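Q: Residue numbers (the numbering used here), protein chains in the order written: chain X, 7 to 363; chain C, 39 to 291; chain H, 1014 to 1299.
Worth flagging that the hints you see were computed from the coordinates, not collected in a lab. A few of these clues could be false.
Keeping only pairs whose Cα atoms sit at most 30 Å apart, straight-line, the calculated DSS-like set for lysine-lysine is [as the list claims (entries may be wrong)]:
#1 H:Lys1268 with X:Lys99
#2 C:Lys230 with C:Lys278
#3 X:Lys144 with C:Lys278
Per the computed footprint, the stretches of chain C lying under chain X, defined by three or more beta-carbons under 8 Å from a beta-carbon of chain X, are [stated by the list, open to error]:
#4 98 to 111
#5 119 to 132
Quantities reported herein were computed from a predicted structural model and do not represent experimental measurements. Every residue, glycine too, gets a C-beta built ideally from N, C-alpha and C.
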Amino acid sequence: MRARYLPVAAFAGIIIAIQLTTHFTESAYHLTQLTMTAYYSLLVVGLCMLTGYAGQISIGHAGFFAIGGYLSAFLTTHNLVPHQGTAFVSLLKKAGLLAARPDLYGGEILNVHPWAACLAAILATVIIAYLIGGPVLKLKGHYLAMATLGFGVIIYRIALGTTLLGAADGISDVPGFPLASGVEITGKASMRVPNYYAAWGLVIAGMVLLLNLIHSRVGRALASIHGAEDAAEAMGIPAARYKLHTFVLSAVFASLAGVFLTHYNGGIGPSEASVMKSVRYVAIVAIGGMANLWGALSMSLVLNYFSLRGYFGSYDDAVFGAILILIMLFAPDGLLRRHLFDDMKRMFSGDADQEAP
Amino acid sequence: MTLLSVREVSKRFGGLQAVGGVSFDVARGSIKALIGPNGAGKTTLFNLISGFLPPDSGGIVFEGTPVQGMQPFEIAALGMSRTFQHIRLFPKMTVLENVMVGRHLHGRAGFLAGMLNLPFTWSEERRIREKSLEILELLGIADSARVEATSLAYGQQRVVELGRALACEPKLLLLDEPAAGLNMRETLEMGKLIGKVRNMGITVLLVEHDMSLVMTVSDEVVVLCYGEKIAEDLPLAIQKNPEVIRVYLGEVQ
Amino acid sequence: MAGITYGTIYAIVAIGFNIIYNATGIINFAQGEFVMLGGMTAVTLSGFLPLPLAVLGAVAVTLVVGAVIEVVFIRWLHKPSVLRMIIITIGISILIRESALHIWGEGVRALPYFTGTSETSFNLGGVYVSPQVLWAVGVGAVVVAALTAFFNYTLPGRQMRACSANRDAARLCGVNAKNMVTLSFMLSAAIGAIGGCVVCPITYVQYDSGTPLAIKGFTVAILGGLGNSTAAVGAGMLLGILESFSIWVLPAAYKEAVSIFLLLVILFVRPSGLFGSAEAARLKEF
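Extracted from the complex, chain X is given alone in its bound form (with noise of 0.2 Å):
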């Protein structure tokens, strides 16, 4: 178990040592991206989790960070003051689910608080990777491929031309959400660090989890899903069944990293749901290695990083195309995997037959 748990800690002094060096360089500014970079990531670890042990591929989770996104900031910022006479919205204020807050002309407005906003949001992930995983897993290869992607344009597609989701705009204005002792995920140049640690925290806590349950009899019988599916079954294992759970475990994840992501950076907007969005993530998966956890983490952290602070210009989208064409063409496994130098080896050493598909 020490040997689990060794790369938790070496993954945590490398976040607490570049917190301190940007302290030391005064350049805490890095810091934004940084937090940014890490919600991301913990989308993309359940992502891995679902592509790298339970086999399936997924080209729409953006879909699920949207959800969550959208549905926090929607619930706390939609004002429910118009409907305080309503027997519903009294009952949410009766059960201390409601914040008040004054708005920009000094009067006041109700919305739901962030936290309750999170579990609906939570929720509302659960039971919709339920009702869609069940047929979309029963499906292989590129019809899975292409429902995951249809998933995703779909939301995309509800975040775009709702209105009340705000359309093209996005969501903004969305509150604070509120820690424990006055400390709250938010954009604030004050809040800087604290946000930081946060954020991280909340991606170690997810490794954990994750790493936990790969070296659990779940995780076990998961690889064995991956591995033969009809001798798992044999064993005793309901692979769908399994299958389904580690689906919405992964939409949860990526939820919750839009949830405190929206919260952050104070909005959402409808391309967080996009197909490059999802895309990007399978190709950070790709890279770190399907079934790598810390290969997934570590790429998360340096591709999104250099993403947000904008080191790709204007071809980002391009860079990650271009890294999900080169990873599948010679590494479909990932990059950071044991025998990488003999299959690299195996395929340029060449037969002059090899034969096109």
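Using the hints, position chains C and H against chain X.
A: Below, chains C and H alone, put in the same frame as chain X:
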């Protein structure tokens, strides 16, 4: 005491009647063999019994419970496990891990317990590991425990698959051509292992082409041809059965 | 009316999918980009070439792009899984789209109408039809007819069919399977480009027109049964008309979601499509 009862089971694939109205029983504690020329429907029958295919008609009763149409994992939970004609070990997992998967039904740690690494899972995992090692020792392959399962020699892989199926602690073990691809020495070893399995109180139903293995190991033999049962008898009687001889060797001139 | 135009282009993209799928079992997600490339290149060429030559040039360029894609990315792969292929083609479509963005910018382009202007219209039995729609349908019909003739009566066509039915047997008969794959890509690219040119005056073209087309083309291909090009035509029309009628029932903003919704319904209920056979669908390797 009948452990498994196959009653008038039929399965058709398009124009081909793979299995047509086959019936037989397997007595508890016995070893029964299914033989027949290629294409006789033996593996299809196995898939029907273990839940990988639903029968078109007929019933399969396991320990008093009708299991036709049930999912493979449900049938496994009732106490039936199997091996496969083409070895289906889990790649990228060690021999020990492969066998530990066989212990899945004997644990209860689920997603939540796994993620939170709850204390009860620690002893459960230890027990799973210990029991799996026991099985490896029983089968004589404990030395390869940490080796990647698919890197072993073919004959050894078959033993691993047997170990995995045994880890389920089944009441009925279905062996699909356990001697396929094995040389004479390995086949003899396999025969001894099957004997050990019987001594553990497990009932065995096997499909096999290797007549020497079938004759030495089985208590009773069922002969299939073109999906139909043409004989069911003691091994020696089967050897002398004219129908069986005709089916295997052709007409006697 | 718009439904029919869009239906034609969806059918054409679906046919492109089917050609490559039949020859290789690959779903070429970049199919939509061929359409976009055809339109864009034609617009650029029409700046200094007469329209017919511009269209021809665009088709030629796209055809070459298709061949290059196959040779560079696909030809040398050894038994790739279907999933790996679809991800590669998604990556390729991204690269093509981003290149288009950098070459042509974000603007919307349109070819001039082949005959007449955007205002001309025929009176066809009480309905006013733009001549361009007739061009679209006409060209679509010609393409389908030409393809049928190609696959049934010409040697390369029959060789391709042989390859798709049983690759190894075809190779034993002397068919160069690798070239057949390249040919299928070139054919699909050319068809996509023709389609792109002919609907461009009505639908306009933009650097990112490709992806939605790919998704809709895939939906249509599946609806008709993957690999079945005749059914693809009917299915394309169906989707086009469904979409144009959807604005009566749904807010216009959701029109694009109609095709996805249809796709998901088909995938969940009957992946073999309206005319495909369930057995055949299961036999194709996944």
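Q: Hints first: check each against the structure and report whether it holds.
A: Results of checking the hints against the structure:
For the hint pairing H:Lys1268 with X:Lys99, the CA-to-CA distance comes to about 38 Å; that exceeds 30 Å, so the pair is violated. Note on C:Lys230 and C:Lys278: the hinted pairing holds, with a Cα-Cα distance of about 25 Å set against a maximum of 30 Å. Straight-line distance between C-alpha atoms of X:Lys144 and C:Lys278 comes to about 49 Å, which puts the hinted pair past the 30 Å bound. Closer than 8 Å: that is the beta-carbon criterion, and the stretch 98 to 111 of chain C has 3 residues meeting it against chain X, so the requirement of 3 holds.
Chain X is given as covering the stretch 119 to 132 of chain C, and this holds because 9 residues of the stretch bring a CB closer than 8 Å to a CB of that chain, at least three being needed.
Comparing the model with each earlier hint shows violations of hints 1, 3; every other hint is respected.
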